[in-house]
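Peer 1: Now for the letters of each chain:
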Amino acid sequence: MNDTMDRLRAADPTRRMTDADPGDPPARALLARVFAVPQESSRRPGRRRLVAAAAGATVAAAATAFFVTEPAAAYTVDRHADGSVGVSFRAARLKDTRQLNAELARAGARTVVIRMVPADRCTTPLDMDPAFPFLTTATPAELDRYPVSYQLRDDGVVITIRPDKMPDGDTLAFGYSIRNDRDGRTTIAVPAVVRTLPTCMAIPNPPRR
Amino acid sequence: MEPDDAATRRRFEALFEAHYAELTRFAARRVGADAAGDIVAGTFLIAWRRFGELPADHTRAWLYSTARQVITNELRGRTRWERLTAKAATAGEIHVADHASLVDEQVRVRAVLAELSPADQEVLRLIEWDGLDVAEAALVLRCTRTALKVRLHRARRRFAQRLLATDDRCTSTARHTRPSIVPEGASAHE
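Those sequence lines, one after another, are chains A and B.
Quick note on numbering: our numbering labels position 138 of the first sequence as 138, and the sequence is numbered without any gaps.
Quick note on numbering: our numbering labels position 113 of the second sequence as 113, and the sequence is numbered without any gaps.
Derived from the structure by calculation, the hints contain no laboratory data.
Ideal placement from N, C-alpha and C gives every residue a C-beta, glycine not left out.
Be careful, since some hints might not be right.
Covered by chain A, according to a simulated footprint, are these stretches of chain B (three or more residues, beta-carbon under 8 Å) [what the hints assert, rightly or not]:
| id | stretch |
| --- | --- |
| 1 | 13-24 |
| 2 | 36-44 |
| 3 | 48-62 |
| 4 | 153-165 |
Working from the sequences, and respecting the hints, build out all of it.
Peer 2: If you want it as structure tokens, here you go:
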């Protein structure tokens, strides 16, 4: 048994990998991004959260939670002069996505908001554009390449869509769902650049912490 | 910046520096070196947000447990998981391509590992590759130490049985080369 365990240890795929140095610039940049995120204890009461289980553009947001701006209306859509579209929405009040999607279409966002369903009710994988995988490195240049981003502001997170960054024929499928947990109500968001618009999107597994 | 904030940041920075390298390896073993950075980033983000809740005596186990959840959350499906795991499993070949026999051995050992159940694979990775002790691995897998010991014993037994069966098949068809941990001149089958 010991011999087989020695062989298993020798087959460690990282055995020849050089130790990552926490002093290297990418590591320090990561630490700076981490420090830019508010700690949980500083969360303002009465706010809702947006969890972006998200595309590469939102690596920093992929496994964390942000407060989402809560508009008085169920949603807001703002087209900016540079062609980008700013979106905020109150998931709990968004009973029907048709109006929001019509508004997004009018704004030229090439984005469809979809309420996600449990994974067992949606087993068809997304037809993702391979140019925009969920996992990417998080260099600023690569983040800038993605058509969706989140901006932390004093009043919450604003979702900005850049339709000009999507190849022709692609659509941003923006899945969302609401989870009630001990932290309160959380809006989970999954933005995916797809080649074919999905009929459904599955809720990602929540991190158990 | 408030003095308390500065102190908190310094403590977190110390944690970051202490665990960055090993967490990168942990992630690379599961999703490949290319994607490991995203997992590390997601894990430290959660750690920062919940810094006040981190257990001082089992920080590494907490980080690994969180990293596993980040991986699960990001991959969102077995298909992608398998794709990335396969990528991670073949990564070693690229780096050691000039050691054909070693590559052959490593690929075969990893293939045997991949044949086990996900639960068996993970307990073996945690102990044999990530270097956790029983107490830490039990925390990561959210089970008791006793249960962890039983799972580990069974996983080791199943792995050994399969690996030896593979060895038998290989020796019947080709000369078998043992890994580099066997001193030169030693018999392939002591």
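Peer 1: Each hint should be assessed against the structure and marked as holding or not.
Peer 2: Right, here's what the structure says about each hint:
1. With a cut-off of 8 Å between beta carbons, the stretch 13-24 of chain B has 6 residues touching chain A; three or more are needed, and the interface restraint holds.
2. Residues of the stretch 36-44 of chain B with a Cβ under 8 Å from some Cβ of chain A number 7, which satisfies the need for three, so the listed coverage holds.
3. By the rule of at least three residues with a Cβ nearer than 8 Å to a Cβ of chain A, the coverage given for the stretch 48-62 of chain B holds, with 5 such residues.
4. Against chain A, the stretch 153-165 of chain B contributes 6 residues with a C-beta closer than 8 Å to a partner C-beta. That satisfies the three-residue criterion, and the hint holds.
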